[in-house]
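Q: Residue numbers (our numbering), protein chains in the order written: chain A, 1 to 101; chain B, 1001 to 1101; chain C, 2001 to 2130; chain D, 3001 to 3130; chain E, 4001 to 4135; chain F, 5001 to 5135.
Just so you know, these hints were derived from the structure itself, not from any lab. Be careful, since some hints might not be right.
[Stated by the list, open to error] Pulled from the structure, derived: some chain D residues nowhere near chain F, Cβ distances all over 12 Å:
id	residue
1	T3019
2	M3035
3	P3053
4	P3054
5	R3095
6	I3120
[Unchecked claim] The calculated DSSO-like cross-link candidates involving lysine-lysine, where the alpha carbons are at most 30 Å apart (straight line), are:
id	chain 1	residue 1	chain 2	residue 2
7	A	K66	A	K22
8	C	K2098	A	K66
9	A	K22	F	K5052
Here a beta-carbon is modelled for each residue, glycine too, at the ideal position from N, C-alpha and C.
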Amino acid sequence: MADLFTVNKSPFEKNSLENAIKFSTEGASILLIEDGVYGASKGTACESMITGAAGKKFYALKSDLKARGIADDRLIDGVEVVDYAGFVELVCSTDKTQAWL
Amino acid sequence: MADLFTVNKSPFEKNSLENAIKFSTEGASILLIEDGVYGASKGTACESMITGAAGKKFYALKSDLKARGIADDRLIDGVEVVDYAGFVELVCSTDKTQAWL
Amino acid sequence: MKLSVQINEGPYQHQATDTAYHFTKAALENGHEVMRVFFYHDGVLNGTRLTTPPQDDRHIVNRWVELAEKYNLDLVLCVAAAQRRGLVDDGEAERNKKNATNIQEPFRISGLGQLIEAAIQSDRLVVFGD
Amino acid sequence: MKLSVQINEGPYQHQATDTAYHFTKAALENGHEVMRVFFYHDGVLNGTRLTTPPQDDRHIVNRWVELAEKYNLDLVLCVAAAQRRGLVDDGEAERNKKNATNIQEPFRISGLGQLIEAAIQSDRLVVFGD
Amino acid sequence: MSDIKKFMYLNRRAPYGTIYAWESLEVVLIGAAFDQEVSLMFADDGVYQLVKGCDTSESDMKNFMPTYRTLGDYGVRYMYVDQASLEARGLTADDLIEVAWEDWETEEEVDNIVEVVDSAKVTELMAESDVVFSF
Amino acid sequence: MSDIKKFMYLNRRAPYGTIYAWESLEVVLIGAAFDQEVSLMFADDGVYQLVKGCDTSESDMKNFMPTYRTLGDYGVRYMYVDQASLEARGLTADDLIEVAWEDWETEEEVDNIVEVVDSAKVTELMAESDVVFSF
């Protein structure tokens, strides 16, 4: 298994998502939380960060998507929505968790 | 007179400097403070933000430059170094001060 | 699994504490052990009993207390960070000659070694910050 | 000129407070009037008397106090922000049934109207934040 | 200078991830008691503050979207949104809430004071203001 | 799993503008009492933490540069710097402090444990670590 990276910053504000992708290995999981979930939206100027990232799996936290009004049909294809239990499961099923603040 | 914009973020971390330049008028003064002073360095990937900004005047706070080891000979040409008294003077001699956080 | 959690930010200003709380709660509810929640940097401000949030908002401090009581959770504030930011228990009040305390039980103030120990003994350390 | 200052961050975590302090001091030393320093968001944490920073570091809270005493400076903490973050004076302690206070004199707790008033009456409002 | 100043509240941060958006709104509400000319500007991630359909029930945070809708009653006359910021985020005016306004004395009404403006206009509006509040 | 874990302290923030760099260093110092394999990684604005010639006398903040120089004595064996981050900032290894290291038991000595590595190596080193501390 590879690592889990959490990203909590908007990709428009900070380069956290970009660098989490850059510095993670093939097979890594990247979980978008807090303002990080904006990175999961389709049709934005930052969309290609995720659509262009081969070999990584992306997740977004459900309650943070809902709080920000990002409906499921606006998500980039392949981004999986998880709840907090899913977050815990991701932490446990990967080698370690790195907060990419 | 035009406005004073203060920028306290590294241009590598956040788009504050870029947008302060974009949203300020001709003749505006832009003062780099705290981590914002990194934007005043020559030879960086962000250098063109300042060298390419026509019609704006740039300042950098002396004590913040010194704390970060940025010597005078590393400053982009035309960036003026001010101390806190100079900061106060800039605030008073411009129309208003906008913190571009 | 045995998890530990580190929190770098204070309540309300950043969502980090909220996320950490919901994560910790979910971990406990799903049968995992949470060895320790370590509050560092402004995170120590989670441990004050003097907050009065608006009635229509969540009470972040009390939420931690209830979780700690239900699961016997170890809530540790870093002493160095607490001193800088004015978080004081009886011991600290005596040592630093302060005439009041503001810590909420069962938060406790201890050293950074508690974070290192948690990192060594836990299967996972999960960090929440700004 | 008549200036006012707004501070959005707490001490130590962000440099904003340091910058605001040096700016305010320079303004006063250069003959300007500083009508008010208004502490908002985590900025209210500047007003606690319970901090004990390391001896080789600056004492941010005391620095404000000394400046206030020398220049009769008005240091105002926003009441709503203070309640969320556990900054308490005698009045707040009584109102919200808290058994301790942590405010440092001459900081005072008041409403957001004090910020609006400062913005109206001052020639310049200068904001320091994150 | 007259007693009436042009106040602009500059919003450049996303809601919920930090408290700045909400505590900034609290200033606007309190400020209504003072008779100033008030506008709000949303740029960068600040445009997210006005996106419709936010539901904070699962995240246990206070949903302050309803408060934005009442701003017309709190003396706010103009709410501007930077077009480039909106477009970069794949959003249009249709994704944003509407805020109505009515002058109780003159009975003048405006259906929606939320207005998308280009960058040059943002610059002009900020420059025209007497005080810009940043959070 | 053995009792010895590989700890990595990940530094991605500039010094002084926030306290994270300094309080992160305090963890490293305290952590020296525990026998783990410790490395520090500097990337993004974190590379600024190692720049020579900082002088905080005028800003009244504590200068913690001297503390970095002593890290070899605190059990830190490796200090890595991301090359791309360094180059984007117009810096080279010559701009950074040097940190010496000596193993008191074996008398093995290293003049400078600060090493500039490429992005692939950063990824590899992080992946190899058992715990990554973020501040």
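Q: Where does the structure disagree with the numbered hints, that is, which hint numbers, in rising order?
A: 1, 3, 4, 8
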